[in-house]
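Protein chains: 2
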Amino acid sequence: MIKIDYTNVMAETIGERDGILREELLSFRHFIVDIHSKIQKEKEKKFFFTKLPYQDTYEIEEYASYIRKEFDYFVLIGIGGSSLGAQMLFESLTWLNHNHFDFPKFYVLDNVDPEKFEAVMERIEIEKTCFNVVTKSGSTVETIANFAIVLDILKQTIGKDYKKHLVFTTDPEKGFLRAFGNEHGIKMFDIPPKVGGRFSVLSAVGLLPAAVVGIKIDQLLKGAKKMDLICSIEEHVEHNPAYLIAVLHYLANMRRGKNIAVMMPYAQRLTAFVDWWRQLWAESLGKDGLGQTPVKALGTVDQHSQIQLYRDGPRDKIITFIQVENFERDLKIPENIPEEISYLKGHTLSEILNKELLGTKAALIKSKIPNLTITLDEINPYNIGMLIYMYELATGFSGYLYKIDPFDQPAVEEGKNFTYALMGREGFQQKLEEFKELYKEKYKLEIQ
Amino acid sequence: MIKIDYTNVMAETIGERDGILREELLSFRHFIVDIHSKIQKEKEKKFFFTKLPYQDTYEIEEYASYIRKEFDYFVLIGIGGSSLGAQMLFESLTWLNHNHFDFPKFYVLDNVDPEKFEAVMERIEIEKTCFNVVTKSGSTVETIANFAIVLDILKQTIGKDYKKHLVFTTDPEKGFLRAFGNEHGIKMFDIPPKVGGRFSVLSAVGLLPAAVVGIKIDQLLKGAKKMDLICSIEEHVEHNPAYLIAVLHYLANMRRGKNIAVMMPYAQRLTAFVDWWRQLWAESLGKDGLGQTPVKALGTVDQHSQIQLYRDGPRDKIITFIQVENFERDLKIPENIPEEISYLKGHTLSEILNKELLGTKAALIKSKIPNLTITLDEINPYNIGMLIYMYELATGFSGYLYKIDPFDQPAVEEGKNFTYALMGREGFQQKLEEFKELYKEKYKLEIQ
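In the order they appear, the protein sequences are chains A and B.
As numbered in the numbering used here, residues -9 to 438 make up the first sequence, in order.
As numbered in the numbering used here, residues -9 to 438 make up the second sequence, in order.
There's no promise every hint is true.
Unchecked claim - Restraint ranges, calculated between C-beta atoms of paired labels, are given here:
| # | chain 1 | residue 1 | chain 2 | residue 2 | range |
| --- | --- | --- | --- | --- | --- |
| 1 | A | Leu11 | B | Glu427 | 17 to 23 angstroms |
| 2 | B | Gly336 | A | Tyr56 | 32 to 38 angstroms |
| 3 | A | Gly149 | B | Gly336 | 23 to 29 angstroms |
| 4 | B | Glu416 | A | Arg245 | 41 to 47 angstroms |
| 5 | A | Lys335 | B | His174 | 18 to 24 angstroms |
| 6 | A | Lys41 | B | Lys393 | 53 to 59 angstroms |
As the list claims (entries may be wrong) - Using 27 angstroms as the maximum straight-line C-alpha spacing, the simulated DSS-like pairs for lysine-lysine come out as follows:
| # | chain 1 | residue 1 | chain 2 | residue 2 |
| --- | --- | --- | --- | --- |
| 7 | B | Lys358 | A | Lys434 |
| 8 | B | Lys335 | A | Lys406 |
| 9 | A | Lys434 | B | Lys286 |
| 10 | A | Lys356 | B | Lys426 |
| 11 | B | Lys286 | A | Lys358 |
| 12 | B | Lys434 | A | Lys356 |
| 13 | B | Lys164 | A | Lys335 |
| 14 | B | Lys434 | A | Lys286 |
| 15 | A | Lys356 | B | Lys421 |
| 16 | B | Lys177 | B | Lys41 |
| 17 | A | Lys335 | B | Lys177 |
Derived from the structure by calculation, the hints contain no laboratory data.
Don't be surprised by glycine CBs; every beta carbon is placed ideally from N, CA and C.
Make the full structure from the sequences, and use the hints.
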């Protein structure tokens, strides 16, 4: 079960300067009906991610249980949309100490930071490791660089049988990785061509790693399906959670000047959910000079770091809290504590956590900072499936509000091309000239 | 050695709409001379953190080596300014796998998330654990709650000798923790009363944990001293790194509308540095409707998540990159790689990482997004000491620019008081009434 409480975003609660009027929300009704029908028609096309909850997961489940049987370590080599989803599922839906006590241990090689690479390598035993290389294009620099080194290590350590230690998740036809996999007979899963990286968590990109670490992916998809069902039926913004999230953020941004969207779960396990959402929100909607900057925070930790700014700094934020009602484990403050701190007596840690959230919300209301709260009865695959689908649809829907294409990322190419040029890749000579033209180091200060 | 390259913040490079004119920078000269002399006079008062590099660390070093000898686990119980600094030192200055292979293993109990508490407890052996309870006020809710449970566990497991497993870092006189420590004869270190939590990393707050995990704290202080020396002598904004950082950010914020400050290291180990800086920047300067929102990013990972937004979204950001020239370990892409990816051949991972940074910078210059780069020749205690002091002084200095007190955090109290009220603490009855007045749940949506 999930609940969305948006009382504190409304003008009734925090005033018209910062809050949204119910009339404003409702004024989007006709527009929404229009977008709604467009989305229904796009479900086989640009909104193809909406089809993922209905896929047959037999092959994924089968292969995952083979991996679980054969290997002790599962290392995902991928970055951005190819890793954030799996990382989010792993951190949200396994116990925090999974990698300490359970198998297969799960690691991600995303960056090309050599120390991170070495750190992961030190933790695994190559002979017992399955590497899942994930890239839609099949040629992402970081992924291919990490893969090239891993391939070399595998061949040296395992010999001919190295292929058994690899599984690729990539485009069904195109790209270097697919060609390499075909040539060498490596097990592969498809990323549906119509699904972009940041919308791909419910494809094999996220589901294979999730199944490998023991997450019930059928429950995950069940939650997503439930959300799809509700969002397909409900055209009314007050009853459609995805549209509601989208419109509230859009209004806060474009009519109240909130160019920052904070997401602040009060649960350690949900921090990676925020990283996943950051990409979704930023890369989909950050274009043509528009879009909100997503900011990651964590309760209660950031009460001691960011709340001063959120309450008393510029009025440029809308905050989403995520609250968890029931934790898997809980602890009680003992009875025999000193008098000075006796107000804590008998409370559980989760009670304190959630009362701190309430206290923070009250303080924000008082400062008229718009905030909404998503409450989960517990962190489980069903609820996370609902949230994933809700935010994906809210993002796709927001594209219509902002009048931009939420499924492209044109501004990312430029930096890649400069990098290719700097690495001496063929065909990028002109880009290198452009770089030399642009890049100077004139104003500098050095301290020995 | 650290280098600051701010060429790409200047109007010469990215134009006057987004870039700073050299005249603007220089126009602060007289103002800075004035602030400079004020700071020199405040060094024994509000700017007391400037004295920390000169402290005698004998007692800390001695006690740290006792802890290293006696214990296998060192758990810091603290939050915000009491934990972020130590966490930053630990993550920046020990090997990424320290906790996998080295002793004492270091953990932080900051949050009151019960699952995190249990996760840490599962990883340690109580008999071999030293708990460092850190709170300036001596009564921080999260810290006291976690401590109360730990104390109970200690008494049950260890019995009378539980005291040997505790060391407190707190105000030399005031607060519950100091009183408790006095009463029960527990080893304690002082937090200088004139140093606020977020400026306390170079006191025992950060230095004791750092020394325990084997960091050379003399080198750390040496770097800080070096930075203090330069910043005490140089009144010219172009030669004083702290003032330069402060003025550039201030101008970007107040004259170019950049209400967001991104910090994006290209090094895994520096991510916790960003968390430390986030608190410093946000809590010090986020007041009276002013201040920039600090945003944490990581290269290259966030090229695949945030760069689309940074380049093509709203022009509301100034970005600080942190670059590392030499990593402790490095790897080379092997020679025998497929033709399609041969451009990677022979490059090291750190080369690729830093060329991606260069490519990203060139793309940002092209989009006229202001960005500066701090380059470290390597990640070592001396350089980190310089950075810490530089950002602390830049923050204190910025208080004068914004005309706010960078050392208080008045907006944090409100939420705490509501929380006390909700927990039934004596004397907060009226606050509870106020809460009931303020807090409603009217606009809700629930999905089963």
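Outcome of the hint check:
1. For the pair Leu11(A) and Glu427(B), the beta carbons lie near 22 angstroms from each other, so the given range of 17 to 23 angstroms is met.
2. Separated by about 36 angstroms at the C-beta atoms, Gly336(B) and Tyr56(A) satisfy the suggested range of 32 to 38 angstroms.
3. A beta carbon spacing of about 24 angstroms between Gly149(A) and Gly336(B) agrees with the range 23 to 29 angstroms that was offered as a hint.
4. Taken as a hint, the range 41 to 47 angstroms holds for the pair Glu416(B) and Arg245(A), whose Cβ atoms sit roughly 44 angstroms apart.
5. Taking 18 to 24 angstroms as the suggested C-beta distance range, the pair Lys335(A) and His174(B) conforms, at roughly 19 angstroms.
6. In this structure, Lys41(A) and Lys393(B) meet the distance hint of 53 to 59 angstroms, their C-beta atoms being roughly 56 angstroms apart.
7. Annotation: proposed proximity of Lys358(B) to Lys434(A) holds, straight-line Cα distance about 19 angstroms (limit 27 angstroms).
8. With a C-alpha separation of about 17 angstroms, the suggested pair Lys335(B) and Lys406(A) falls inside the 27 angstroms cut-off, and the hint holds.
9. Under the criterion of a C-alpha separation no larger than 27 angstroms, the hint pairing Lys434(A) with Lys286(B) is consistent with the structure, at around 24 angstroms.
10. With a CA separation close to 12 angstroms, the supplied pair Lys356(A) and Lys426(B) stays within the 27 angstroms bound.
11. With a C-alpha separation of about 25 angstroms, the suggested pairing of Lys286(B) with Lys358(A) holds against the 27 angstroms cut-off.
12. Pair hint Lys434(B) plus Lys356(A) holds up; C-alpha atoms about 20 angstroms apart against a cutoff of 27 angstroms.
13. For the hint pairing Lys164(B) with Lys335(A), the CA-to-CA distance comes to about 22 angstroms; that is within 27 angstroms, so the pair holds.
14. A threshold of 27 angstroms between alpha carbons decides the hint, and for Lys434(B) with Lys286(A) the separation of about 24 angstroms falls inside it, so the pair holds.
15. Proximity of Lys356(A) to Lys421(B) is assessed by CA-CA distance (about 12 angstroms); at most 27 angstroms being required, the pair is judged to hold.
16. Proximity of Lys177(B) to Lys41(B) is assessed by CA-CA distance (about 24 angstroms); at most 27 angstroms being required, the pair is judged to hold.
17. Restraint check for Lys335(A) and Lys177(B): satisfied, since their Cα atoms lie roughly 26 angstroms apart, inside the 27 angstroms limit.
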